[in-house]
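Engineer: These protein sequence lines are chains A and B, in that order.
Going from the first sequence to my numbering is simple: count from 1 and add 5.
Going from the second sequence to my numbering is simple: count from 1 and add 6.
It is possible that some hints are incorrect.
Have a look at the derived ranges for each label pair, beta carbon to beta carbon [claimed, not checked]: (1) B/D214 / A/Q34: 32 to 42 Å; (2) B/P149 / A/T180: 45 to 55 Å; (3) B/L49 / A/P98: 39 to 49 Å.
No lab work stands behind these hints, which were simulated from the structure alone.
Just so you know, even glycine gets a beta-carbon here, dropped at the ideal spot from N, CA and C.
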Amino acid sequence: MKKFNLKLLYLISIQLFVGYSVMAATCKQTVPDSALVKKGTLVMSTNPTLPPLQFVDSTGKLKGMRITLGKEVAKRLCLKPEYISIEFSAMIPGLQAGRWDLINTGIFWNTKRAAMMNMIPYESAAISISVKKGNPLGISKQEDLAGKAVGVEIGGLEEKKLKEIDKNLRAKGLTPINIRVFDNFALAYQALRAGQTDASVAIDATAAEYVKRGEFDRAISGMFPMPVALAMKNDILAKTVLEAMNDMMEDGFYQELMDEYGLLPNSSPFIIRGS
Amino acid sequence: MGIKWDWSGFYEYLFNGFLLQGAVTTLWLTIASILGGLVMGCLIAMLRLAPVYWLSSFAKGYIWIFRGTPLLVQLIIIYTGLPQLGIKLSVVESALTGLILNEAAYLAEIIRGGILGVSTGQTYAGRALGLNSFQLMVYIVFPQATRIIIPALGNSVNGLLKTTSITSVISMEELLRSTQLLIQEKFLVLELFTVAAMYYLLMTSIWDMAQRRIEAKFSKPYNKV
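The shape of chain A in the complex, shown without the other chains:
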């Protein structure tokens, strides 16, 4: 009896070993370790304060569309996905300094950034103005923000666009916006919740998610639609990630993911725009 058990165990372990090696054989890492920050690992940075695209759930796990996308990319490259949660302002300096391989935080594409990094745009995102439920101040257009306190996360394009709106208002001779810059969106929305600010600026998906949670309304949406990208420093890695992304588009994984979150997908194949 005992002998039989041992034999069984032996068989199982062989099975496991063969199974593992078969998996390892089908999944061959194509990116050389020299192109990575950490051997066999795809280290990605994200700022998980943007539900439902990137956030931390009640068990402390990272969740959201971008997290799923990043894991799928790593899987297809036969790499172990690893996420670093960090404030947005640290993203680009961290990539330059070799702290992570890929910025996966919904970074907007622009020419200035594209000059510094390899960027693969994969989604089109626009900006919304969130207000308290019922829109008590009756905000319906950019001009209505004149003289209001508006919260935003530091360092993103949302902040830049808000400053642009402010500039336009000033040019028209209207009262400037009282721009309040916070470390992250969670705090910006908390300030709105407390009545410390009159509005918050965020991307459409986030603003829509906050509407779903029942506390806020979207006063304005669809402003300044812009391409959102994955950003990498290493050229070899960028090429392989591009291949993986195009595979995802071909086999339908990408379309399905974008549909799940109600996002605007790319229709033509992905390309690297920049660096």
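Position chain B relative to chain A; hints supplied.
Structural biologist: Below, chain B without anything else, positioned relative to chain A:
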């Protein structure tokens, strides 16, 4: 690997008006907080030493809460929690309130230490001269306690200069937040943080000199043979 450092960017930001404005905010935040903290700290220290049980318990509880919780949390509660109770303070008011309440707890303990450091013989002598409790405090205990308090107080001011940066969490535009905002412009991270560090160092150095003068002044009576 070459060092990536942009000297022209560094010099450009060294005398940047926006950064200077942030430094000025940091400076007045520190001064206002230390003054407010001193007044409140004195009060709390007196309560703590009061022979009335509930007064000293109140002071103990105050110190326990404000020294035992992070300033960051206190600031977020003051800024976004109090409005739900109908108390809506502006960013500047919230920052000042948080810093003063927090600093008062630390200073109260420093002041209490100073008062306890004055030998009881001094109190007896004062009493023998017929001084009442108030006179005793003002003429005998406080002048001697001040000498003991000042070195520790200097530490507090130095620390506070840098602690003010935490108020950026409620969108206060002090030196650190100004630095972070400027970084977005050209991504000169190291250059800008170095400039900010130099500003902080300059301010703490000036305070160091001032503190040495104050210490010398209060030690004068002890220098004579």
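Engineer: The hint says 45 to 55 Å between B/P149 and A/T180; measuring C-beta to C-beta, is that right?
Structural biologist: At roughly 53 Å between Cβ atoms, A/T180 and B/P149 fall inside 45 to 55 Å, so the hint holds.
Engineer: May I ask you to test the hint 39 to 49 Å on the CB atoms belonging to B/L49 and A/P98?
Structural biologist: Holds, at about 45 Å.
Engineer: Check the following: the C-beta atoms of B/D214 and A/Q34 are separated by a distance inside 32 to 42 Å.
Structural biologist: Given a distance of about 56 Å, which is not inside 32 to 42 Å, the answer is violated.
In terms of the numbered hints stated before, the structure departs from hint 1 and from no other.
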